[in-house]
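Turn these sequences into a full structure, and let the hints guide you.
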Amino acid sequence: MKSSEIRQAFLSYFERQGHQIVDSSSLVPADDPTLLFTNAGMNQFKDVFLGKEHRDYRRATTSQKCVRAGGKHNDLENVGYTARHHTFFEMLGNFSFGDYFKRDAIRFAWEFLTEELQLPKEKLWVTVYKDDSEAEEIWFNEMGIDQSRFSRLGEKDNFWAMGDTGPCGPCTEIFYDHGPDIAGDPPGGPNDDGDRYIEIWNLVFMQYNRTADGELHALPKPSVDTGMGLERIAAVMQHVHSNYEIDLFQNLLNAASKLLDGVPTTEKSLRVIADHIRSCSFLIADGVMPSNEGRGFVLRRIIRRAVRHGNKLGAQDNFFHKLVGALVKEMGDAYPELIREQAQIERILLQEEEQFARTLDKGMRLLEQDIAALDGNTIPGETIFTLYDTYGFPVDLTNDIARERGLELDYAGYEKAMAAQKEQSRQASKFGVDYNDSIIVEGSTDFTGYEATEGADRVKAVFVEGKPVVAASGDEVVVVLERTPFYAESGGQAGDTGYLTWADGGCMRVLDTRKEGSHHLHIGKIEQGQLEEGVEVKASVDASQRTATALNHSATHLLHAALRRVLGEHVSQKGSLVDPDKLRFDFSHYEAVTPAQLAEIEAMVNEQVRKNTPVQTELTDMESAKEKGAMALFGEKYGDTVRVLTMGEERFSVELCGGTHVQRTGDIGSFVIVSEGGISAGVRRIEAITGEKAELWHKQSDTIVAELGSLVKAGRDVVVEKVKALSERNRQLEKEIEQLKSKLAASAGADLISQAKDVAGIKVLAAELPGADRKTLLETADQLKNKLGSAVVLLATVENDKVVLVAGVTKDITGQYKAGELMKDAAQKLGGKGGGRPDMAQGGGTDVASLPEVLAGVADWVAARG
Numbered sequence: 000m001k002s003s004e005i006r007q008a009f010l011s012y013f014e015r016q017g018h019q020i021v022d023s024s025s026l027v028p029a030d031d032p033t034l035l036f037t038n039a040g041m042n043q044f045k046d047v048f049l050g051k052e053h054r055d056y057r058r059a060t061t062s063q064k065c066v067r068a069g070g071k072h073n074d075l076e077n078v079g080y081t082a083r084h085h086t087f088f089e090m091l092g093n094f095s096f097g098d099y100f101k102r103d104a105i106r107f108a109w110e111f112l113t114e115e116l117q118l119p120k121e122k123l124w125v126t127v128y129k130d131d132s133e134a135e136e137i138w139f140n141e142m143g144i145d146q147s148r149f150s151r152l153g154e155k156d157n158f159w160a161m162g163d164t165g166p167c168g169p170c171t172e173i174f175y176d177h178g179p180d181i182a183g184d185p186p187g188g189p190n191d192d193g194d195r196y197i198e199i200w201n202l203v204f205m206q207y208n209r210t211a212d213g214e215l216h217a218l219p220k221p222s223v224d225t226g227m228g229l230e231r232i233a234a235v236m237q238h239v240h241s242n243y244e245i246d247l248f249q250n251l252l253n254a255a256s257k258l259l260d261g262v263p264t265t266e267k268s269l270r271v272i273a274d275h276i277r278s279c280s281f282l283i284a285d286g287v288m289p290s291n292e293g294r295g296f297v298l299r300r301i302i303r304r305a306v307r308h309g310n311k312l313g314a315q316d317n318f319f320h321k322l323v324g325a326l327v328k329e330m331g332d333a334y335p336e337l338i339r340e341q342a343q344i345e346r347i348l349l350q351e352e353e354q355f356a357r358t359l360d361k362g363m364r365l366l367e368q369d370i371a372a373l374d375g376n377t378i379p380g381e382t383i384f385t386l387y388d389t390y391g392f393p394v395d396l397t398n399d400i401a402r403e404r405g406l407e408l409d410y411a412g413y414e415k416a417m418a419a420q421k422e423q424s425r426q427a428s429k430f431g432v433d434y435n436d437s438i439i440v441e442g443s444t445d446f447t448g449y450e451a452t453e454g455a456d457r458v459k460a461v462f463v464e465g466k467p468v469v470a471a472s473g474d475e476v477v478v479v480l481e482r483t484p485f486y487a488e489s490g491g492q493a494g495d496t497g498y499l500t501w502a503d504g505g506c507m508r509v510l511d512t513r514k515e516g517s518h519h520l521h522i523g524k525i526e527q528g529q530l531e532e533g534v535e536v537k538a539s540v541d542a543s544q545r546t547a548t549a550l551n552h553s554a555t556h557l558l559h560a561a562l563r564r565v566l567g568e569h570v571s572q573k574g575s576l577v578d579p580d581k582l583r584f585d586f587s588h589y590e591a592v593t594p595a596q597l598a599e600i601e602a603m604v605n606e607q608v609r610k611n612t613p614v615q616t617e618l619t620d621m622e623s624a625k626e627k628g629a630m631a632l633f634g635e636k637y638g639d640t641v642r643v644l645t646m647g648e649e650r651f652s653v654e655l656c657g658g659t660h661v662q663r664t665g666d667i668g669s670f671v672i673v674s675e676g677g678i679s680a681g682v683r684r685i686e687a688i689t690g691e692k693a694e695l696w697h698k699q700s701d702t703i704v705a706e707l708g709s710l711v712k713a714g715r716d717v718v719v720e721k722v723k724a725l726s727e728r729n730r731q732l733e734k735e736i737e738q739l740k741s742k743l744a745a746s747a748g749a750d751l752i753s754q755a756k757d758v759a760g761i762k763v764l765a766a767e768l769p770g771a772d773r774k775t776l777l778e779t780a781d782q783l784k785n786k787l788g789s790a791v792v793l794l795a796t797v798e799n800d801k802v803v804l805v806a807g808v809t810k811d812i813t814g815q816y817k818a819g820e821l822m823k824d825a826a827q828k829l830g831g832k833g834g835g836r837p838d839m840a841q842g843g844g845t846d847v848a849s850l851p852e853v854l855a856g857v858a859d860w861v862a863a864r865g
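In case it helps, numbering that gives the first Met the number 0 puts the sequence shown at residues 0 to 865.
Calculated from the structure, these hints are not laboratory results. We put the beta carbon where it would ideally sit given N, CA and C, even for glycine.
Think about it this way: if two alpha-carbon atoms lie no more than 16 Å apart in a straight line, the pair counts; the simulated EDC-like pairs of lysine to aspartate or glutamate are:
hint: 1; residue 1: K774; residue 2: E735
hint: 2; residue 1: K740; residue 2: D772
hint: 3; residue 1: K524; residue 2: D474
hint: 4; residue 1: K581; residue 2: E601
hint: 5; residue 1: K466; residue 2: E515
hint: 6; residue 1: K828; residue 2: E852
hint: 7; residue 1: K267; residue 2: E244
hint: 8; residue 1: K328; residue 2: D246
hint: 9; residue 1: K610; residue 2: D666
hint: 10; residue 1: K1; residue 2: D246
hint: 11; residue 1: K155; residue 2: D191
hint: 12; residue 1: K328; residue 2: E345
hint: 13; residue 1: K762; residue 2: D781
hint: 14; residue 1: K120; residue 2: D145
hint: 15; residue 1: K129; residue 2: E172
hint: 16; residue 1: K786; residue 2: D757
hint: 17; residue 1: K762; residue 2: D811
hint: 18; residue 1: K810; residue 2: D838
hint: 19; residue 1: K466; residue 2: E532
hint: 20; residue 1: K524; residue 2: D511
hint: 21; residue 1: K734; residue 2: D772
hint: 22; residue 1: K120; residue 2: E198
Listed next, with one range per pair, are the computed distances between beta-carbon atoms:
hint: 23; residue 1: N611; residue 2: D163; range: 49 to 59 Å
hint: 24; residue 1: L49; residue 2: S517; range: 13 to 23 Å
hint: 25; residue 1: T702; residue 2: P613; range: 27 to 37 Å
hint: 26; residue 1: E414; residue 2: V463; range: 31 to 41 Å
hint: 27; residue 1: T702; residue 2: D620; range: 49 to 59 Å
hint: 28; residue 1: T616; residue 2: E532; range: 30 to 40 Å
hint: 29; residue 1: S849; residue 2: A724; range: 44 to 54 Å
Below, the structure is given as structure tokens:
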């Protein structure tokens, strides 16, 4: 059976058993910060199992796309080297939410395997949890399983838990026996990690709730969660041992082989590429963009690993993106998002390939140099960090290369270097306490800030350094109120600032407002008096700051709508920040926004501002909001009731948003885009200002134009042309200077030849060239090497009280004398560093006084190696 036929047979079988076929959920888990990626079929049903969500069916079946390439479940480094590890795989599953339990779950599994797929019963092996006598009796007495193909295992193997507490229960697993010609013991045996017995299906019986004291309590409605890897069962059905030999992978491997000049499909590197095109394509189709953090960084790691393996196989051009078509042909029918997003996936992968290609060669040269200089078999942590930080080599990619060379990595040294960098770059937070983990208060805060910026209420709790106190004075504190007009940081909008005041002149300055659970945390300093729990306070928001923030927030919505109209419907929000000073908007788009497009976007927003239409808000349910065409903002978590914000003429912008906004679009005053640029592959950022700051921007722009006109003696209407002409003249002069420097270098080279010394038949020349720059030194070194024959050259100049060095060695003697080694020696003596190729190297130092001594010592350096 083909993989597609197995997938359909599974879903159809369980549909006949009364299960609802549910589409695969996104690889980006919805509202679940505990997961990096969807890694199991049950992820999308988590809240159903916990009783937090109810659906109109009690039985479900899915073919769930999964990724395990980061966090707790990370198979990345094993992919390509084993028969069954993948970054992307499909999990076939059937689920019962308080409906059937062990008997039917076991019966369904056995019937599907032995009757639908017609697998021989004597090839199947079963395990149960050692204390689950109920499941054991069902297997023996009802399914008739041979007891010689049965194992009882402990909690590590056959007991599942969602976490340290919560739903849990025993499980039963079904294994396939690949035969005695493959090494490995049955499950539970001393060598059960061999490849003979392969787990193909796991049936989890959620029948307990584990409390904090470790006790197990029976659930009133026990449930079933099962998972069977499509790739594994396909290998069984197609009579192959490795997942990479199934039809799905063979087609991808053949496509990759054609792109790489017929590389055999058994190559491990080709398997890496075939696996990675699946995870990369599906992640991009689900909205993940390559970046330097979070999910985007994992995606970038996978792409770069695939590109490096292609490079290892001899790829001369960008190839990875060309495999998307083969994947779409193979899996597009089951997952239409691949067809829909094919062009976007190809564009993103090509851009990532091009970006990595610019640093891959340089990084590999550095690694080769450091490997050649190793005393032992461990690559230093500093090298690993430099490859990561400077050349974009993820650590697992460096580990791949090390494994191929029989080397190990100094992980401890890498972590030390990484920690040092983080310490240097860490920005000081506003406060020293992480309140998110320490503030625990019952109930919730009622937000009144939509209607007012002032209010009076009782202090519900006071915290100092994260600990509850009865009273506080002169401290950095966190205050929780029953009701508050202060908006808590959310959805990209900064938290409000202002004051809490109380009787007898008591005053607390609120520096920030954050949200923890259902409470607003007022964070700040008590400036006068003592604040006690239970006291009545007056809460006053800084109205000017709130108003300025509202202008920027409302303008963000108009900007989002304008971007989609000008650039296309593919634009979606990837992040935002609005505070009193500016707005920042991150969005998906795979090329720079042109000046003409920016002008059109800015004009479109300002047109809506001038029309001064009312801003309307409406509370409704999510389904009704979707029917109105409302867009959800990035990073927001929505409840049963949502707030729909509509602004602009003819519903120009309709979005879900819980922030504070203007009453009419005209309140924004003016909108100015101040910058646009890329922050990662496929993600652009626009920063803009509104209101008074936009007016000031225009005034400053007028002043700058006037000053430029005065400097270049031109009126406002021709100042641009005059500056262009001067800029062009400057470029011509710089070109003439470069030409003159080249002539000087040639002249200097001719003069220097006579200074060369003969050391054991090698011409040695070490000299300072006052007034030269690095480029001149390089050109002069090349000329000298061409004229001197077998030669070692070290040239220096002093720029801004620092020594610049260039070393050159003619290629006929680089086996004995290496420019990189000479440079390291010379630069170190000057208090600096340097290095490079055997024939050419660069470096420098700060000890200018030692330069004559260093130059004089080059002849001795050559003699010592002669």
